[in-house]
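*Asks:* Listed here are the chains, written in short residue letters.
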Amino acid sequence: MKYLYMLFIILSISSIFFSQGDKHELNKTSFSFAIGIDYAKGGYEVSLQLINPGAISGEIILNNSPYIVYKATGKTIDSALEKISMNTSRSLDLQQEQIVLLGEELLRKGKIKDIIEYILHSTDIPSNSIIVTTKGNSARELLEIFSPIEGISSLEISNTLNKLGKKVSKTANDIKVDLIDDGKDIVVPYIELKGDAKKGGEKKNLETTEPTHFAFVGLALFKEEKLKSFMNYKDSLYLNLLYGKSSGFIIESSCPESEEKFAYKVTNSLAKKKEYQKEEDKYIFHYDLYLKGDISQYNCHLNLENPETSNQIEKQVKKSINNKTHKVLEHTKEHEMDPLGLGQIISQQDPKTWNKIKGDYPALLKNAEIKVNSHITIQNVGNYKSRGD
Amino acid sequence: MKKNEAKISKSVIDNVTFIQKSFHSNSDLVVRSVIPPLTEGSLELSIVYLGTIADKVTIQEHIMRPILQMKTISSSHPIGDITNTIEVSDIQVVSFKDAVIKHLINGQTILLLEGMDHCISADTADWKDRSLSFPQLQRSVKGPQIGFTEISNNNISLVKRYVKNPNLVIEEQTIGDETNTSVSLMFLADKVDSEILDNIRNKIQSIQLNSILDSSYIEEMICEDQITPFPLILTTERPDVTSGHILEGKIAIFCDGSPNVLIAPALFIQFFHSSEDYYEKSLFELSRLVRIFSYIISIYLIPMYIAFTLFHQELIPSELIISLASQRQMVPLPVVIEVIVFMLIFQVILESSIRLPTGITLAFSIIGTIILGQSAADAGLVQLTTLVIVSATYVLNFAVPIQPFANAIKMIRFIFVFLASIFGIYGIMLGTFVLVNHLCKLNSFGAPYLSPIAPVHIADLKDTFIRMPLKKIINTPKKYTKDDYIKKQKNE
Amino acid sequence: MHYKQTVGIIEMMFAMMLFLQGSTIILGVSLEAGKDVWLAVLSAGSAGLLLFSMYAYIWKKNDFQGLHVIFTNQLGKYLGFITSVVYSIYFAYIAARVITDFTQYINGTLLHNMLPFFIKFSIFLILIYTYLKGLEAFIRSAVIFGFFTLVFLLILPFIIVLSGIFNVEYIIPYDSIDVKQVAETVIPTLVTFPFGELIVFLALFPFIKERQSVFKGGSSVIIIFSIIYSILSFLIIGALHPDIASSYTYPFVAALEQLDTKYFIQRIDILAVIIFMIGGYFKITVFTFASIYVAKDCFSKTNINKAFLVSCIFIAIVLLSYTYSENHTMHIKVGLEIVPKYMHVPLQIIMPLIILLLTFVKTKRNKVR
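Protein chains in written order, with the working numbering: chain A, 1 to 389; chain B, 1001 to 1492; chain C, 2001 to 2369.
Just chain A, same shape as in the assembly (with noise of 0.2 Å):
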């Protein structure tokens, strides 16, 4: 038994030698925490944000930027990353990755499917950052605004889409979920830039009170793999309701007497069995919504101690959804697309009837028609029970 002893005490002396190729000091690498993908000629053009801690915090705050762009184009994402690699003195660390922003034109040309295999192959980029789209600028010119509240660009769309709930961000594994299943189309969150982008990439922009910045501004249509529209933050919101998602808005609807406004703000949504039906050649899908909210601005006259005011509300506040939901179903059908499922929902409950019309059922969409039955709760009145007048 001795020699055995021996071995071990000698092999592990000489494991000191071992090498150590995933050994990174923090002070030789750079970590970038948004990734930019755009579109370009025979390839893609990738965008890397690298952090410059030394200007965000310690003990003196350098006056460099605090953060830096690098780009390059290739043929692959891997080829791109390696070219910003030989421009940076340090090695570049993705696993912080928290966003990956893609530009518009990029998806319109139906690259959505290529960009998630590569973040969910990919051993680098963590597979829970989340994926966002833009509207109008390219990634690139988004991640060069200079950010006002956060400092950084990338934490401040992340916590952006954050605050909304963590059912409105998508990761890589949720579309590529959205990509297998039939009958449904991926809908992503796109951000908007507010101002001007010249301007956002320069220093002062931090010195302004009314900067270049971000905005969520609503949800990209996809029609197959490819981006086909987008929908704004109201119509977004009603569609997310429609998936159970959302929470924390305003509902505004007019009074029941008159043509003032009061707004129904919801607190907790919840979105039952759809039901599906068919009627001749029309597809009728049967939602149950359960909201619970309270009132807050009140411009109606009705006393709202009153029992009969608030079934008098509910009732506004339930047509308002239909009309909204009503709406949302129009601006699919008019680029015959399915974000919301309803494909999904033939196919499971009428298998057979889904495998007959599978091959032409967008076009079917036309037939379809959203019969939303909202469960409305009015939690709070407020303390002011009604308008004075």
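One should not assume that every hint holds.
As the list claims (entries may be wrong) - Computed list of lysine-lysine pairs in BS3-like fashion (alpha-carbon distance at most 25 Å, straight line):
| # | chain 1 | residue 1 | chain 2 | residue 2 |
| --- | --- | --- | --- | --- |
| 1 | A | K352 | C | K2180 |
| 2 | B | K1462 | C | K2133 |
| 3 | C | K2061 | C | K2120 |
| 4 | B | K1160 | B | K1478 |
| 5 | C | K2306 | C | K2133 |
| 6 | A | K352 | A | K366 |
| 7 | B | K1478 | B | K1462 |
| 8 | C | K2133 | B | K1203 |
| 9 | A | K371 | A | K358 |
| 10 | A | K226 | A | K371 |
| 11 | A | K23 | C | K2120 |
| 12 | A | K23 | A | K223 |
| 13 | A | K135 | A | K333 |
| 14 | C | K2209 | B | K1478 |
| 15 | B | K1410 | C | K2133 |
| 16 | A | K352 | A | K228 |
| 17 | B | K1281 | B | K1142 |
| 18 | C | K2333 | C | K2060 |
As the list claims (entries may be wrong) - Here are some chain C residues pointing at chain A (derived, C-beta under 10 Å):
| # | residue |
| --- | --- |
| 19 | T2109 |
| 20 | L2110 |
| 21 | H2241 |
| 22 | Q2258 |
| 23 | R2267 |
No lab work stands behind these hints, which were simulated from the structure alone.
Remember, it's a predicted structure, so these values are computed and weren't measured experimentally.
Glycine included, C-beta positions come from ideal geometry on N, C-alpha and C.
With chain A fixed as given, assemble chains B and C onto it according to the hints.
*Replies:* Same frame as chain A, now just chains B and C:
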């Protein structure tokens, strides 16, 4: 020293010269010849003692005076007459030369009688001692506030006051050929495990050291067959802790001259127990869990820090990594070297602050903490986070009530740092496999070190992580599964 | 044959739990069954329970002896010897395969640039150390590691459900069960891996103190593990989607990567990595111990040096870990197609059945006499 089995001679002068020779005519050796004025019979005797350790008043008042006041002595039984005369409670009749020497060393007074081959030894020892005081190392807020001192007999009597039980046995033996230290085992005869007792007894008897100055000598000698940084014997200076363990069926080893009492067998988990746990309402207090947790964290904190910052940066939240990276911008040393240097510096500060005279401590703490720590960070030599992590480690380490146990992980921590710097978290796990295996293999005199956790002993778990109500734990004695370790030793 | 009975039943139960957990959850073999994964796992678990009771019965009827003695009792001296050697090599090969799994996993998730050789080498050093410390210490350490693993595996379902990465839409409709797909997953892959591999414990059971409670303990471990395993697989499917989950190399880690805790540790998949390291270590070591014990029993009558024999087995494990494992695809292909059919099924099911039959006949005959 060779065993001198010779009997003493009948001549007083011969004996006195022998004793003087044995002590190399030591200046504190007092020989006083006395010839009491007897009316009947005759008596010639010499009183021999060591002036520095024998109590002169006792000799004068209770030995000399009664002898000088004797009127008669029987010629057939002079020894009996003298023992009846002397007013000392502990008297022995000795007839061997080496026994005489041994008694003199222990502060006894020897009465040599002319024409007799026995002599009388009277206990007049008066050891210099400090009075009983608070325990120095293991303080507590609640409960008894008395600590052991250097006199073994006093310590034994302190324990005997707690455990008034005829089954409480004390076995004394003398070891160390040059120091002749008396070592006593104390245990409850009806509860102790006889195999463990035999084992400890044999090990103490077979100690081959010439000198024994402290109980830690014994600890090292009887635990030497297992190489480990962890203490296999519990050291305590509190009589209440000792009594508690004796009542659980363990064995206490008292060593004369040392205020620290050894308790065997000791289990890993018992080093986290403090006597206070039994005095407070512990069921609702998590102090034991806190101690265990901080002990484990104090091993893993630095290696984790290294593994995270060197290998697994993706696991650190983004806001934190920005601040870490910005701190590192201008720091010259690699993080591993930085950590090791600071661990060593902390170690040195600890080491020197213990030994320093009290006057300098204040100045030292200013130099050690402010100048070294703060200025090093200001000068950009070291990252602030590293300082925080290293000092947190040492603070956590102090939560363990028993110091030798807290010190045991010093070396282990360095090994973990080393592994983490090669393999990251994987290296830390490899180290953990080795550490846990090592702990599982250890045993303290036959009791598995990690018992009652591994091997599991459900009944004993009541007093492991959380102390259950006293009603449940005191009256059901703990059982330790024994390894076949003792049997193996016997065969060898 | 005399065995030193030093191992307690609770420690052995923990070791069995860690062994079963081993690489099973991480590799996600069960996820091939899609939505009905819970059913697949549960049915594999019940099949595993049957197998285990067969093993326990064989062991009990053969006087609680080790594998070699069982074989020589039932098959005769020479055939028994050959069978024992085959089993010893089989265990060594599985140990080597788990080492390769382990290496590829560490390489794929933690240390991307580390040479696989170093990882293999380091785990091999730990293996030697563990062997030198002995079976008793090793099985005892299972209590500590098992406790942490169990706590993690029990808390994890709550984390997954509460964090919201579990999507109910992915697993509806619940009622349509694809029996064919379930059966394909269960037989032979899921039955043999991990449940059938429990046959390795026949080599370790003789060291248990409480022999009568082995069956009870072992089967409760199988039941508890199957339930945890089925719940976790179900949740992973719900987090990743049935069609995607099976295309991940390490679906369990991928699912946990979705969790964004945002606190001290950004991603808790590191915990999954640690849990797998523990499980892998236990699996490797159990197989190594079993291989060594069977070999030792085989050659106990010859005058081959024990240390030499042990060294031979260690070297064999290292060499075997390099066969058919040039790359991950090859390794997995061999592991999923060849090993279950040509190694697991004959050695885990058919051979024990033969032994069971022979034992049965023998005890009947003895009773008649």
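*Asks:* Are there hints from earlier that the structure breaks, and if so, what are their numbers?
*Replies:* 2, 3, 10, 12, 16 and 18
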